[in-house]
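Peer 1: Chain by chain, the residues:
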Amino acid sequence: MCRHKEACTTDSSILTALRESRPRVHSITNYVTAEACANLLHACGALPIMADAPEEAAEITAQSRALNLNLGTLNPARAEAMRAAGSAANRLGIPVVLDPVGAGATAFRRQTAAVLLREIRFAAVKGNASELRYLAGAHAMCCGADAADADAGSLKNAEIAAALAKQTGAVIMMTGETDLVTDGKQLFRVHNGHPMMTRITGSGCMLSALTAAYLAVRPEQPLQACLTALCAMGLAGEAAAKRMTAADGNMMFRNALIDAVFRMTEQDLKEGARYEADG
Amino acid sequence: MCRHKEACTTDSSILTALRESRPRVHSITNYVTAEACANLLHACGALPIMADAPEEAAEITAQSRALNLNLGTLNPARAEAMRAAGSAANRLGIPVVLDPVGAGATAFRRQTAAVLLREIRFAAVKGNASELRYLAGAHAMCCGADAADADAGSLKNAEIAAALAKQTGAVIMMTGETDLVTDGKQLFRVHNGHPMMTRITGSGCMLSALTAAYLAVRPEQPLQACLTALCAMGLAGEAAAKRMTAADGNMMFRNALIDAVFRMTEQDLKEGARYEADG
Amino acid sequence: MCRHKEACTTDSSILTALRESRPRVHSITNYVTAEACANLLHACGALPIMADAPEEAAEITAQSRALNLNLGTLNPARAEAMRAAGSAANRLGIPVVLDPVGAGATAFRRQTAAVLLREIRFAAVKGNASELRYLAGAHAMCCGADAADADAGSLKNAEIAAALAKQTGAVIMMTGETDLVTDGKQLFRVHNGHPMMTRITGSGCMLSALTAAYLAVRPEQPLQACLTALCAMGLAGEAAAKRMTAADGNMMFRNALIDAVFRMTEQDLKEGARYEADG
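Going down the list, the sequences are from chains A, B and C.
All residue numbers for the first sequence refer to our numbering, where the first residue is 4 and numbers rise by one.
All residue numbers for the second sequence refer to our numbering, where the first residue is 4 and numbers rise by one.
All residue numbers for the third sequence refer to our numbering, where the first residue is 4 and numbers rise by one.
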């Protein structure tokens with residue numbers, strides 16, 4: 004359900020396109036949530052490949068239809084693989100997603116994020132307020148993968164997202180209680196989601212993976228693809244929470260979240276998406 | 004259930020042997036499916052160890068009863084560990100399984116697979132048509148861990164599997180809609196399995212791990228052990244699919260698949276195995 | 004329920020303290036159980052960070068309230084990160100937990116464990132009899148992560164745990180059929196737990212992570228925190244086993260175990276803790 008007619012841009016046909024074309028999505032990502040992300044990609048219809056060695060990353064990317072770069076459990080070899088894969092993707096016109104996990108938290112991640120942003124053209128960058136604030140050059144009070152409370156003021160967040168979109172040419176997805184997504188011209192606020200998503204590891208990583216899958220089948224409509232990914236992931240969180248019994252906890256929620264992506268229909272997404280255009 | 008009397012060679016007593024002797028199985032494997040494989044090994048009664056540093060791999064192998072080498076998320080250190088562990092296993096008479104994930108997809112995997120096949124004597128090699136076609140020296144159209152459609156012609160696959168068995172001395176397990184298993188003399192087609200197995204990450208990795216566990220207790224009967232592993236894994240997939248409700252997706256299936264291995268009885272396997280000898 | 008009045012030292016208020024303060028816990032750990040540990044940390048109320056590169060480990064530790072070092076899938080870079088992170092933690096007064104997975108099994112782990120014990124002051128060390136026996140300088144018959152039967156004599160184990168506590172200044176948690184915990188002065192035997200905990204990967208790793216989380220909110224009461232962690236983890240295992248149906252196996256148990264930590268109340272812990280003071 005969309006609140007503003009002019010802004011009805013989720014594209015639920017992405018769900019069918021993915022299930023029919025089963026695009027390969029290359030993720031260079033942390034080992035903590037790699038399995039969850041791979042199963043999430045299977046759930047939405049994509050085929051995951053997670054190769055992360057500099058020796059082969061670019062070749063794997065060339066055989067894929069989207070590339071997902073995630074800075075969790077970063078190490079020098081994986082950073083090198085990201086540079087090689089990202090360059091290959093840019094050369095071949097393959098959309099690239101950046102998930103700057105913990106950007107700003109350490110010098111190593113700051114430097115790596117800076118190198119990646121300088122060398123690679125991203126279709127989408129997804130992070131929390133702290134991570135994106137750092138990327139936008141603001142003085143982040145960022146500390147790891149969780150947004151510091153100090154960064155929650157939503158008006159300012161929208162400005163930061165828009166600035167970063169203009170700086171990078173990427174669609175910016177800023178997650179939080181209300182998610183923001185913008186290409187620097189249009190900005191949407193997404194109201195889907197559930198607090199349980201903050202009680203598992205990998206909600207953010209899975210969103211980035213899902214975004215890469217959506218971009219694989221809609222490379223020309225990055226804003227729509229990103230908006231749709233945010234709504235779909237949030238909606239899956241809502242569906243998963245509904246299945247929880249009094250004995251279930253965050254593991255059951257994690258499993259049900261991926262299963263909800265597996266089961267989601269175009270109709271579910273059309274009826275369940277809750278977002279609004281800014282202004 | 005076996006269709007040809009002369010070919011009734013699944014050995015369901017392996018299930019009890021594993022639960023009684025709890026052999027240690029050393030896996031050098033990718034980080035995406037490592038936890039699933041470790042839990043699968045626990046499910047069947049084995050004790051998993053996943054050490055992957057060249058500094059200690061051979062020592063760990065020497066304390067184990069089977070070795071499982073998997074090329075997913077390959078990197079140079081892990082490749083080095085595989086060489087050291089494989090050599091130790093050969094020296095000590097410990098059976099070794101190779102899962103050449105994505106063999107042929109990149110120069111790095113081609114070179115690593117070639118080195119491993121040259122230096123190590125494998126008890127079993129498990130792959131899809133593309134991966135094994137590459138290993139057999141055919142011109143693979145392989146791309147990552149999923150079989151390209153072009154490789155599906157089953158007659159030719161049987162020839163490739165048989166050729167590779169003769170080349171390597173290993174039992175060859177070729178997975179696909181119908182699985183093939185051959186030692187170069189006898190060939191079986193296994194009809195167990197479920198399409199949901201292609202919708203999770205790690206079905207193939209778990210099969211390789213299970214095969215290593217079966218070989219740990221039946222090192223002298225590799226063809227029987229491999230045939231039994233294929234039937235048992237496929238049967239577990241069938242059992243898992245039966246447990247799925249309308250809300251469940253691939254995560255529930257993945258969990259139920261491992262649980263089905265945990266619960267499988269000799270009787271289940273005897274009644275449920277569906278395979279036939281070729282010819 | 005406590006059997007000896009004088010020894011009633013579990014502190015169930017830790018559960019609420021964690022849920023209210025949500026401390027960041029830094030784990031440098033193996034990739035097999037990293038996701039399970041991260042979700043376990045979320046389950047108890049903590050925020051996991053798993054950064055393992057020497058380039059940033061100390062900086063991440065400095066932003067955390069506890070540090071958890073786990074020797075599974077050890078490699079030289081991770082060992083280096085542990086040294087840097089451990090030193091930073093000691094400098095800053097942040098409690099450090101050591102899980103010496105497979106200590107004694109290989110020269111590489113022996114050397115790494117020795118270096119860590121020499122350089123870092125641990126608040127708690129958790130292992131099975133073989134691992135701790137090795138650390139205490141006894142001739143371990145240790146082989147990987149599972150206790151050899153030969154090490155099960157419980158009287159001797161208590162002596163070893165006490166000696167190691169005195170040597171290191173750490174609280175020692177020795178897991179087995181009955182768990183022991185001692186600071187070298189007092190020793191408790193914990194009777195919580197369930198045999199299914201030995202049929203999954205990561206029971207021990209999750210206990211170490213939980214201990215780190217408890218120490219994050221009770222850095223001044225390490226013996227109480229460790230005793231409480233042992234009781235809580237065992238109690239979660241009991242609760243998980245109660246939820247299993249005839250079709251469920253070790254994956255369902257693993258999920259239910261983490262969910263039980265998520266759902267555990269102070270009342271559950273007060274009523275369910277089963278332990279006794281030695282002597």
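These aren't lab readings, by the way, just hints derived from the structure by calculation.
Warning: the hint list may mix true and false statements.
Where chains are identical, the list cannot tell them apart; a pair therefore holds if satisfied intra-copy or between any two copies.
[As the list claims (entries may be wrong)] The list that follows gives simulated cross-link-like pairs (lysine to any residue, SDA-like), each with its CA atoms no further than 20 Å apart:
| id | residue 1 | residue 2 |
| --- | --- | --- |
| 1 | K245 | S90 |
| 2 | K245 | A280 |
| 3 | K159 | L120 |
| 4 | K188 | Q224 |
| 5 | K273 | A250 |
| 6 | K169 | R246 |
| 7 | K245 | R266 |
| 8 | K169 | Q224 |
| 9 | K245 | A166 |
| 10 | K169 | P26 |
| 11 | K245 | E274 |
| 12 | K159 | R192 |
| 13 | K188 | P222 |
| 14 | K169 | R25 |
| 15 | K188 | R246 |
| 16 | K273 | G187 |
| 17 | K245 | Q227 |
Peer 1: Could you run down the list of hints and mark each one as holding or not?
Peer 2: Now for the hints, and whether the structure bears them out:
Taking CA atoms no more than 20 Å apart as the test, K245 paired with S90 passes in neither setting, with 42 Å inside one copy and 45 Å between copies. For the homomeric pair K245 and A280, neither the shortest alpha-carbon distance inside one copy (27 Å) nor that between copies (44 Å) is at most 20 Å. Proximity of K159 to L120 under the C-alpha cut-off of 20 Å is found in neither arrangement, the shortest distances being 22 Å within a copy and 48 Å between copies. When the C-alpha separation of K188 and Q224 is checked against a cutoff of 20 Å, the pair qualifies only within one copy, where the shortest distance is 14 Å, while the shortest distance between copies is 55 Å.
With identical chains, the CA atoms of K273 and A250 are at most 20 Å apart between copies only, with a shortest distance of 18 Å across copies and 31 Å within one. In this assembly of identical chains, K169 and R246 lie within 20 Å of each other by CA distance neither inside one copy nor across copies; the values are 40 Å within and 49 Å between. With identical chains, the CA atoms of K245 and R266 are at most 20 Å apart both within one copy (14 Å) and between copies (17 Å). Taking identical chains as interchangeable, the C-alpha atoms of K169 and Q224 lie at most 20 Å apart only when both belong to the same chain, with a minimum of 17 Å there against 51 Å between chains.
Within a single copy, K245 and A166 get their C-alpha atoms no closer than 37 Å, and across copies no closer than 51 Å, so neither meets the 20 Å cut-off. For a Cα distance limit of 20 Å, the shortest separation of K169 from P26 qualifies neither inside one copy, at 29 Å, nor across copies, at 36 Å. For the homomeric pair K245 and E274, the shortest alpha-carbon distance inside one copy (16 Å) is at most 20 Å, but the shortest distance between copies (30 Å) is not. For the homomeric pair K159 and R192, the shortest alpha-carbon distance inside one copy (14 Å) is at most 20 Å, but the shortest distance between copies (55 Å) is not.
For the identical chains of this complex, K188 and P222 are intra-copy neighbours only, at 18 Å inside a copy versus 50 Å across copies, given an alpha-carbon limit of 20 Å. In this assembly of identical chains, K169 and R25 lie within 20 Å of each other by CA distance neither inside one copy nor across copies; the values are 32 Å within and 35 Å between. Taking identical chains as interchangeable, the C-alpha atoms of K188 and R246 are never at most 20 Å apart, the minima being 38 Å within one chain and 48 Å between chains. For the identical chains of this complex, K273 and G187 are neighbours neither inside a copy (25 Å) nor across copies (54 Å), given an alpha-carbon limit of 20 Å.
Taking CA atoms no more than 20 Å apart as the test, K245 paired with Q227 passes in neither setting, with 27 Å inside one copy and 37 Å between copies.
When held up to the earlier numbered hints, the structure conflicts with 1, 2, 3, 6, 9, 10, 14, 15, 16, 17 and fits the remainder.
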